[in-house]
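Residue numbers (our numbering), protein chains in the order written: chain A, 1 to 139; chain B, 1 to 107.
Fair warning: there could be bad hints in the mix.
As the list claims (entries may be wrong) - Per label pair, the in silico range of CB-to-CB distance:
#	chain 1	residue 1	chain 2	residue 2	range
1	A	P16	B	E22	16 to 24 angstroms
2	A	R52	B	R26	16 to 24 angstroms
3	A	S8	B	A45	25 to 33 angstroms
4	A	D40	B	T103	46 to 54 angstroms
5	A	V44	B	D93	26 to 34 angstroms
6	A	E66	B	T103	17 to 25 angstroms
7	A	R52	B	D37	29 to 37 angstroms
8	A	S79	B	R97	50 to 58 angstroms
9	B	R66	A	T75	28 to 36 angstroms
10	A	V69	B	G40	24 to 32 angstroms
11	A	G99	B	S88	21 to 29 angstroms
12	B	P107	A	V69	21 to 29 angstroms
13	B	S88	A	P16	54 to 62 angstroms
14	A	G99	B	T16	20 to 28 angstroms
To be verified - Chain A side only, calculated, beta carbon under 8 angstroms to chain B, not exhaustive:
#	residue
15	L36
16	M101
17	M104
Please keep in mind that the hints were generated in silico from the structure rather than gathered at the bench. Glycine included, every Cβ here is placed at the ideal spot set by N, Cα and C.
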Amino acid sequence: MTTDATRSVVIEREMPFPPEKIWRALTDGVLMKQWLMDNDFQPVVGKRFNFRATPMPRWNGVIDCEVQVVEANRTLSYSWSSLGVNSVVVWTLSATTGGTMVRMEQSGFRADQQANYDGASYGWSQFIGGLERIIAGLR
Amino acid sequence: MPTAPDAVFRSLADPTRRALFERLSRDGEQTVRRLTDNAGVSQPAVSKHLRVLKLAGLVRARHRGRQTHYAAQPRALAPLVDWMSFYSSFWHDRFDRLEGLLTRMDP
């Protein structure tokens, strides 16, 4: 498994709120802390910032990020690096009749970074579950 | 730095090594002697297991005087973690929280 192919996680949800309001929740550090994580984000391209999760043994809980795209009320993107996995998060807002389609794509996962185990056949699932909590500390 | 998943798996397939690694992850850096006290196997056996863990990148050794201190390197587990399913459930949860916050926010 040494392919360079990358994969992404995409989540889309229509929310009954205008794009401007959602944009505020996505880009105001105080609001971001309430639904995402503690941070020192600023909506300025090139700004480096951190998300801070609860520290765990052997992991300080820090996610390193850099703002890549800021198009008010439309597109927000930042890099997202933690524990050796480098990815990019892109938020896209599109107005709909009932509110806003919110799309989040986190991309950059390499094929060799995902699911390299067969939980059932190895009897690993429980063990891996515990390890994920140890290293991730994100819930 | 990145270790082949196979090497990581093989080294953790042994229950004694797994217990040693989990203990180091939980309790922080320790000497071979302290690890031996609770391992239920001899000190040479513990040292041998630690060498295997070290080759897989799962532990780091630090020599101080005549003692060797071992510490867990959880980063080596990264190849084992299913990051996509982890982040998928993470973001689903955060979408719920985002929507909850929007409901509470002033217009």
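Comparing the hints with the structure gives:
no.	hint	verdict
1	A/P16 to B/E22: 16 to 24 angstroms	46 angstroms, violated
2	A/R52 to B/R26: 16 to 24 angstroms	22 angstroms, holds
3	A/S8 to B/A45: 25 to 33 angstroms	45 angstroms, violated
4	A/D40 to B/T103: 46 to 54 angstroms	26 angstroms, violated
5	A/V44 to B/D93: 26 to 34 angstroms	28 angstroms, holds
6	A/E66 to B/T103: 17 to 25 angstroms	31 angstroms, violated
7	A/R52 to B/D37: 29 to 37 angstroms	36 angstroms, holds
8	A/S79 to B/R97: 50 to 58 angstroms	22 angstroms, violated
9	B/R66 to A/T75: 28 to 36 angstroms	59 angstroms, violated
10	A/V69 to B/G40: 24 to 32 angstroms	55 angstroms, violated
11	A/G99 to B/S88: 21 to 29 angstroms	23 angstroms, holds
12	B/P107 to A/V69: 21 to 29 angstroms	26 angstroms, holds
13	B/S88 to A/P16: 54 to 62 angstroms	24 angstroms, violated
14	A/G99 to B/T16: 20 to 28 angstroms	56 angstroms, violated
15	L36	6 angstroms, holds
16	M101	12 angstroms, violated
17	M104	6 angstroms, holds
Going down the numbered hints, you'll see the structure goes against 1, 3, 4, 6, 8, 9, 10, 13, 14 and 16, while the others check out.
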